[in-house]
Amino acid sequence: MGEVKLLGSWGSPFSRRVEMALKHKGVEYEFIDEDLANKSPLLLQYNPVHKKVPVLLHNGKPIAESVVILEYIDETWKTNPIFPKHPYEKAMARFWAKFIDEKCNPAIWQIIWSRDKERDKAIEEAIVHLKTLENELKDKKFFGGETIGVVDIVANLIGFWLGVMQEATGIELVTKERFPILSNWIDEYVSCSVIKENLPPREKLLEAFKSRLNAPAWKY
Amino acid sequence: MAKTELKLLGARASPYVMRPRIALNIKSADYEFLQETPGSKSQLLLESNPVHKKIPVLIHNGKPICESLIIVEYIDEVWSSGPSILPSDPYDRAIARFWGAYVDEKWFPNLRILSTAEGEARDQVIGTLVEGLVLLEDAFVKISKGKAFFGGDQIGYLDIAFGCYLGWLRASEKMNVVKLLDEANTPGLVKWADTFSAHPAVKDVMPEIDKLVEFGKSLAAKFRAAKTGSS
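Chains A and B, in that order, are what the protein sequence lines are.
Each residue of the first sequence is one higher than the one before, counting from 1 in this note's numbering.
Each residue of the second sequence is one higher than the one before, counting from 1001 in this note's numbering.
If you're looking for bench data, these hints aren't it; they were derived computationally from the structure.
Heads up, the beta-carbon is just placed ideally off N, CA and C, and yes, glycines get one too.
It cannot be assumed that every hint is accurate.
To be verified - Footprint (simulated), chain B over chain A, 3 or more residues, beta carbon under 8 Å:
no.: 1; region: 38-45
no.: 2; region: 51-65
no.: 3; region: 72-79
no.: 4; region: 82-91
As the list claims (entries may be wrong) - Partner residues are not named here, just some residues of chain B that face chain A (Cβ under 8 Å, in silico):
no.: 5; residue: I1070
no.: 6; residue: V1078
no.: 7; residue: Y1091
no.: 8; residue: A1094
no.: 9; residue: F1098
no.: 10; residue: I1113
no.: 11; residue: A1117
no.: 12; residue: L1133
no.: 13; residue: R1224
Kindly generate the complete structure, drawing on both the sequences and the hints.
Spelled out as C-alpha cells, the structure:
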C-alpha cells in the first residue's frame, strides 16, 4: 500500500511506538536510523518544525509526532486495529495516551535527570501519576483489553525503558509491592511478541543511560 | 423526542472550553452549559474529571469526556451526520492534528509567559510568538489552498484548535501594546482571524476582548504579588 519509511532512532521510545504499530499491522517499512546528535538533512527537511524523530514517510509525505503517526497508521492500515472502534472508548484511549505523555513520562524523565530534593519531588509526582494510570488498568491484561492497544504502545517507556533507567540509577520507582497491577502489566507487556521483538537491545540502552548520567546536561 | 443528555462544564474565558462549544454549534447539537465559578471547582467537575479537575468536560448520557481536542474529535465522531470537523483524508487529518498539538504544546505556552514577562525576556517571548505565527501562516496557506479556513470552505479541527486562542491573542496585543498578527508577516491569518471570529458557530462563544484584558491584568497582578511575596 505504498512506500513506507520511518526516520527513527534505535533508543527512542517515541520511534519504537511507531515500529510497534507498523509491525503489529504487518506493514513493511524501511527504517532509517538517525543519529540524534547529528541530525540528517532528511530529518531537518521532513520535520522542520520540531527536528525530531519519529517521522513517518508514506509515499514521500511526512508525518511527525508519534501519537499523530499512530492515528494515521490505524486509519490507513486496517488490520489489527490499535484504537477502539466506539467513540467513547476511543476518547478514553486518547485521554490515557495524553496522560502518559503529559504527566507520567515527564515525571519519570525528571527523576532521571535531577538530583537530591528535585529528584525526591519528581519521584513523589511520578508515583501519583503512575498510581492513577495503574487504577485505569484494573483487572485488564492490557490497557487495550485482551490484546495490546494504543495506550499500551504509548506506555512503552513505562513498560521497558523504566526498568533500564531504574537499573542505571539504582532508583526503585515501580516495584511489585508498590505497583502490583502495573508490575503485572509490565511482565505481560515485555513477553508479548510484537512488543519484545521491537525493543532496543537492553545492554546497549543501559550503557547509553549510564554514560549520559555521567555526562554534562543533555537534552532529549 | 427524548433529548440526549448533553452537558458541558466550562467557563466563558477559557479558550479550551470554546473548542467543544464551536464543535457542538457546527453540529447544531443542543447542550446545557454549566458555568464553573472562577476560583472554585464544582462537585460535578471534581467527579467528572478526577484526574485533572479541569474544564472543559463534556458529559454525554452521564459519561464524561475530558481534554478539549479529544472532546472535539468525539463530537465529530458521534454527530457523524452533521458537517465534518476533521478532514476526511487520513493525511490531512494527520496534518491537522500535528498543528493542533503544535499550538497547544509549543505556541500557546508562550502567550501565557508573555502576560508576566518583562524587559528582554518579554521581547524574546514576543519574537518566539511571532516566529510561531509565521509558521502557522505558512501552514494556513498550504492547508487552506486559497479558501477561507484551515478546513477549506468550512471551519475544521485546526480552525477550532488555533482559533480558540484568538481572544487571548488579541487581549495580549492590547495589554502589551504589540502586534502579534500583522499584515506584513501573517496576512492570511489576519484575514482568517476576522472571518473565523465572525462565523456563526464562533461569534457567540468568543469571549469579549475587554473582559479578557481585565481578567488578564488581574491574573498578572496576582502572579506578581505571589512572586514578590515569596522568600
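Here is what the structure says about each hint:
1. 38-45: violated (count 0)
2. 51-65: holds (count 5)
3. 72-79: Holds: 3 residues of the region 72-79 of chain A have a Cβ under 8 Å from chain B.
4. 82-91: holds (count 4)
5. I1070: Nearest chain A Cβ about 5 Å off; hint holds.
6. V1078: holds, 5 Å
7. Y1091: holds, 6 Å
8. A1094: Where the cut-off is 8 Å and the nearest Cβ of chain A is about 4 Å from A1094 of chain B, the hint holds.
9. F1098: Cβ of F1098 of chain B sits 5 Å from chain A, so the hint holds.
10. I1113: The hint is violated - I1113 of chain B has no Cβ within 8 Å of chain A, the shortest such distance being about 18 Å.
11. A1117: violated, 22 Å
12. L1133: violated, 13 Å
13. R1224: violated, 25 Å
Hint compliance for this structure: hints 1, 10, 11, 12 and 13 are broken, all remaining hints hold.
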